[in-house]
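Each protein sequence line maps, in turn, to chains A and B. For what it's worth, this note's numbering labels the leading residue of the first sequence as 75, then goes sequentially. For what it's worth, this note's numbering labels the leading residue of the second sequence as 5, then goes sequentially.
No lab work stands behind these hints, which were simulated from the structure alone. We put the beta carbon where it would ideally sit given N, CA and C, even for glycine. Just so you know, not all the hints are guaranteed correct.
Said to hold, decoys possible - Coverage of chain B stretches by chain A, computed from C-beta distances (three or more under 8 Å per stretch; other residues unrestricted):
1) 212 to 220
2) 237 to 249
To be verified - Residues from chain B that face chain A, not an exhaustive set, calculated with beta carbons under 8 Å:
3) 107
4) 111
5) 189
6) 348
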Amino acid sequence: MGFFPDEVALDMATDGRFLLLDPRDNVMVVRARIRKGETVEVEGTAARVDADLPLGHKVARRAIAAGDKIVKYGAPIGSATAAIPAGAHVHVHNVKSDYTPTYHLEDVRPAEAGAA
Amino acid sequence: MMRGWLRSDGRKGIRNTVVVAYLVECAHHVAREIAIPFRDRDVHVIGFPGCYPNAYAERMMDRLCTHPNVGAVLLVSLGCESFNKYRLAHVVAESGRAVETIVIQATGGTRASIEAGRAFVAAQRDALDAMETVPMAVSELVVGTVCGGSDGTSGITGNPAAGRAFDMLVAEGAACIFEETGELIGCEHIMAARAVTPELGGVLEASVAKAARYYATLGYGSFAAGNAEGGLTTIEEKSMGAYAKSGASPISGLIKPGDVPPRGGLYLLDVVPDGEVRFGFPNINDNAEIAELIACGSHAVLFVTGRGSVVGSAVSPVVKICANPETYRRMADDMDVDAGRILDGGATLDAVGAEIRDLVVGLAAGSRTRSEALGHQEFVLTYKSFEPIGPACLPAA
Numbered sequence: 075m076g077f078f079p080d081e082v083a084l085d086m087a088t089d090g091r092f093l094l095l096d097p098r099d100n101v102m103v104v105r106a107r108i109r110k111g112e113t114v115e116v117e118g119t120a121a122r123v124d125a126d127l128p129l130g131h132k133v134a135r136r137a138i139a140a141g142d143k144i145v146k147y148g149a150p151i152g153s154a155t156a157a158i159p160a161g162a163h164v165h166v167h168n169v170k171s172d173y174t175p176t177y178h179l180e181d182v183r184p185a186e187a188g189a190a
Numbered sequence: 005m006m007r008g009w010l011r012s013d014g015r016k017g018i019r020n021t022v023v024v025a026y027l028v029e030c031a032h033h034v035a036r037e038i039a040i041p042f043r044d045r046d047v048h049v050i051g052f053p054g055c056y057p058n059a060y061a062e063r064m065m066d067r068l069c070t071h072p073n074v075g076a077v078l079l080v081s082l083g084c085e086s087f088n089k090y091r092l093a094h095v096v097a098e099s100g101r102a103v104e105t106i107v108i109q110a111t112g113g114t115r116a117s118i119e120a121g122r123a124f125v126a127a128q129r130d131a132l133d134a135m136e137t138v139p140m141a142v143s144e145l146v147v148g149t150v151c152g153g154s155d156g157t158s159g160i161t162g163n164p165a166a167g168r169a170f171d172m173l174v175a176e177g178a179a180c181i182f183e184e185t186g187e188l189i190g191c192e193h194i195m196a197a198r199a200v201t202p203e204l205g206g207v208l209e210a211s212v213a214k215a216a217r218y219y220a221t222l223g224y225g226s227f228a229a230g231n232a233e234g235g236l237t238t239i240e241e242k243s244m245g246a247y248a249k250s251g252a253s254p255i256s257g258l259i260k261p262g263d264v265p266p267r268g269g270l271y272l273l274d275v276v277p278d279g280e281v282r283f284g285f286p287n288i289n290d291n292a293e294i295a296e297l298i299a300c301g302s303h304a305v306l307f308v309t310g311r312g313s314v315v316g317s318a319v320s321p322v323v324k325i326c327a328n329p330e331t332y333r334r335m336a337d338d339m340d341v342d343a344g345r346i347l348d349g350g351a352t353l354d355a356v357g358a359e360i361r362d363l364v365v366g367l368a369a370g371s372r373t374r375s376e377a378l379g380h381q382e383f384v385l386t387y388k389s390f391e392p393i394g395p396a397c398l399p400a401a
């Protein structure tokens, strides 16, 4: 069925520390640690990194609107809870599961604690 | 060259372990003390802590005590627990294995029970060490896979590499088992399309729907805080990564804990209990899942970790595949495979898959895993309830 994470070549210039897993994806995976404040190229556009990005975390490949599906491995993995600019960190602070809420210890804010 | 110990049911073990099994938590200390002098001689402690009867736990104990990697069994009972020690001893004896039951209350307490237990274990250990091995083929292997301490690298490196190893083993006739339907949420449709019959496809989808319902009732997905710290954002994302462990082979069947695959092929193990939500979380930690894979006959279990798990298991060796190169550098002593090399182009998925396959085969030719060398023998068994599998679960080949 072709579900195999292998690197997909990008058409436009993009920082080599980002990995695109499927051409349908709107996020890329960080393959080497990137520091907050660094400027990185995302599909030909310069973006300033808004958070420390450890290995395995995700950034937006393009601007994502609140409510849009987040697509990784060519499949939806949740929905954006806020507008996410290209190059921004995509994680629990701006994405929610479409199934069960994500339990996490970092970034727990009262507004999210009871969210479904 | 692979060699194994032949058992009376025709299966072969890649280990020849003496199991010391406590039948209630009250007998755990005595069981542990019996095993301590033999800690480097393949004597493993397993057991069930509960005092109330549970059909699932009794079936798990049956299967584990008659696992091909087990050569002899010592049961340790307090005396007043509900676990049916007579039936378990009978099942083990029927399998041709030496078995003895020590009842602490009848033997005269802790010290006398430890002495009696050690005498039995020492005699069995000597007998098993003198037992001849026979040649064994890859097609006689049952291999399970699990992931734990997953992060954003697991689904890119370690899990798909384990999937490639599964593809190779299935092609060679082995039976391979993947599991944790609570970590396949969102993957049910692509997975169902790989079933060998449409009816089985329906069963696979229903098993994931059951898991989604079960976890929704409990209020937590199969997702730990460390998963989020490692870059995983939702259960769907974790699931897509976990699903990659299954490789690309057709799915031959769905089994439940204690069901042994009837022939080679790829099988999904449904670990989520049937019926109303009872007894709490389906698997309270990774070792509960590993114990279930082993109860299905797994000779070895592939364990993919990103954050860095250190566990092994009683009964069967656990092969640790580290997905994250930073974790590998910190914890190399605990890891059998450095799959993080895939991230920076240091190795291909196929190459790491072949390395994992060779490692598993090597376990039947004298080699040991890192967790075995470090003495890891974790074991967890809790209350659950299952209905038997239906006719669509194992279509005839």
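Status of each hint after checking the structure:
| no. | hint | in the structure |
| --- | --- | --- |
| 1 | 212 to 220 | holds (count 3) |
| 2 | 237 to 249 | holds (count 9) |
| 3 | 107 | violated (43 Å) |
| 4 | 111 | violated (46 Å) |
| 5 | 189 | holds (5 Å) |
| 6 | 348 | holds (7 Å) |
In the structure shown, a violation is registered for the earlier hints numbered 3 and 4, in ascending order.
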